[in-house]
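Top line first, the protein sequences correspond to chains A and B.
One rule links them: number in this note's numbering = place in the first sequence (from 1) + 3.
One rule links them: number in this note's numbering = place in the second sequence (from 1) + 187.
Just so you know, these hints were derived from the structure itself, not from any lab.
Here the structure is a predicted model, which means the values were calculated and not measured.
Each residue gets a CB set at the ideal place from its N, CA and C atoms; glycine is no exception.
Hints may be right or wrong, so weigh each one.
[Claimed, not checked] 16 Å max Cα-Cα, derived EDC-like pairs, lysine to aspartate or glutamate:
(1) A:K197 <-> B:E295
(2) A:K256 <-> B:E469
(3) A:K256 <-> B:D466
(4) A:K197 <-> B:D205
(5) A:K197 <-> B:D202
(6) B:K394 <-> B:E406
(7) B:K394 <-> B:E295
(8) B:K261 <-> B:E472
(9) B:K261 <-> B:D466
(10) B:K261 <-> B:E245
(11) A:K256 <-> A:D68
(12) A:K256 <-> A:E237
(13) A:K256 <-> A:D242
[Claimed, not checked] Only some residues are given here: those of chain A computed to face chain B with a beta carbon under 7 Å:
(14) T26
(15) V31
(16) T32
(17) G41
(18) L45
(19) V124
(20) D126
(21) T277
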Amino acid sequence: MAARSIDATERTRQSLYRRRAVTNAVSVTLACVAALFGLAFLAWILYTLLRNGLPGLSLHLFTQDQPPPNEAGGGLRHAFLGSFAMCGMAILIGTPVGIAAGTWLAEYGDRSKLGTAVRFVNDILMSAPSIVLGLFVYALYVMQTGGRFSAVAGAIALGFIVLPVVVRTTDEMLRLVPSQMREAALSLGIPQWKVIVQVLYRSALPGIVTGVMLALARISGETAPLIFTAFGNEFFSSDITGPMSAVPLVMYKFAGSPYENWQHLAWAGALVVTLFVLLISLVARTVLLRKKISHD
Amino acid sequence: MSATILTPALPASRDVRDARNDRIFRWLLAATAMFVLFALAGAALSMLWGGRSVLQQEGLHFFTSTAWDPVQDKYGALVPIYGTLVTAIIAMVIAIPVSFGIAFFLTEVAPRQLRTPIGVAIELLAGIPSIIYGMWGFFVLMPVMANHVIPWLGDHLGTWPVIGALFQGPPIGAGMLTAGFVLSIMVVPFISSVMRDVFLTVPTRLKESAYALGATRWEVNWNIVLPYTRSAVIGGIFLGLGRALGETMAVAFVIGNSVVFTKSLLEPSTTIAALIANDFGEATEQYRSALLLLGFVLFIVTFVVLAIARLMLARLDRREGR
């Protein structure tokens, strides 16, 4: 009798162990499957990009303009110039404002209610849909300037994407600077603005540069906000007050077109943009030297 | 003589100058911070202002009618709103378990040497521009869906009593299911990297105590790590949801862009962002106003979702004393 009940408890314990072991094995397997799933799609997308984009990579991609449909040759010079101009202007607009606002957050408004509110809004701005920022600039700038699409408007829209990223990194990087550094500089009688500009910025510079690079990586593939601001242009144009093309805009138009040569150009542009973005993100990671910032 | 009078005066005037410069500097910085604060409100109000004429014309009918007919000057936005919600839900149904699995894999399961490279690879997936996902979905995924997945779904799930209606339709390939799937691949890297980061904040002591008591990896993850980080995990999920709701290019390629209401997940539909991106270029003034109003709706929805996400993520920070 006693032997049988021991046997029974032993058996339930065995089955409990087995159940736990099985649950664990199943969940670990599923986790591996999930990771493989993620990596498989990364590989699949990169493979598609390389296979379709590599044949179109050549020098004329950068030296010739948009070809007519179904005609060999041609390139995306007009779009590369437009992307370059707009991303450059966006960085020039977004970086100073972003650094200033980030400095205010870290040095003046750190623990205040207003500072918390600005941080909260900035975080939301950072993950806000980019198409909304495009519409914002359309309503605020394009409509006010008589409905004229322009590269400047595109750059302003992209600048609103750069801004929150730079604010966030500047804020976090300045807060990482040890407060002894501030106190030492202030105790020498240096005014605060000089302390910030000449001491703190120097110490936080690698981090701030990383933030700007991450922002550049983000805007160089942006399409949605440019549709209503820069609009796109089929011809070579260096007039920043008029509509200008950008590589993602051309990709959007060409990939949806039925013409094969346009689709090839779209893939070549896609490959160049993706390689550029991946390269910048990798460099930014190494510049960052393992300093932890969250980019979500 | 004059030098002795001037010398003590110099530092004082410099003090005044420094104080003035400090004030100017401070106000300049504060002004830019206020600019950030008001940019968001400005975005919302400018879109509402741009869409006011359609809002006056349609009233609340705008949100409840499915008749989206710019030619007849009728704007009912139920179809894009419904499409936005459904694609986001499909994306989250796929992305949440996968991201959780990846985060679990990267923090507990994977060999230590593999954790960093795989983590970096998944984060790189997050950096790829969304238009690339759209092109991939359009040229690669859509044929697969049309030739294999959709006929199979139609044969097997299409005959079921209630949910069958969701899976009936011609094998076009473009539709809410395809869009939701592309979106899920897009948001998995975001959600999983947030989840991994918050899982890493769990004190090693806690996990090691559980392991010492004989807990399995799964039990440590489910009973120790997840309860500790629950609010931040939900925050990460909402962050991904915000992205899925507002994503434009990845969806515009594969949704099919039809404003006709359909129950089926396999038939072309549209989302707010995709509709705006597709139609804005050739829209008339009144139609643009309607699209701006739609943009306002999208903004409000994503604002609420992202605000919840941030509050949830901030809770874990507070517990850590940050």
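For which of the previously enumerated hints does the structure constitute a violation, in increasing order of number? 1, 13 and 16
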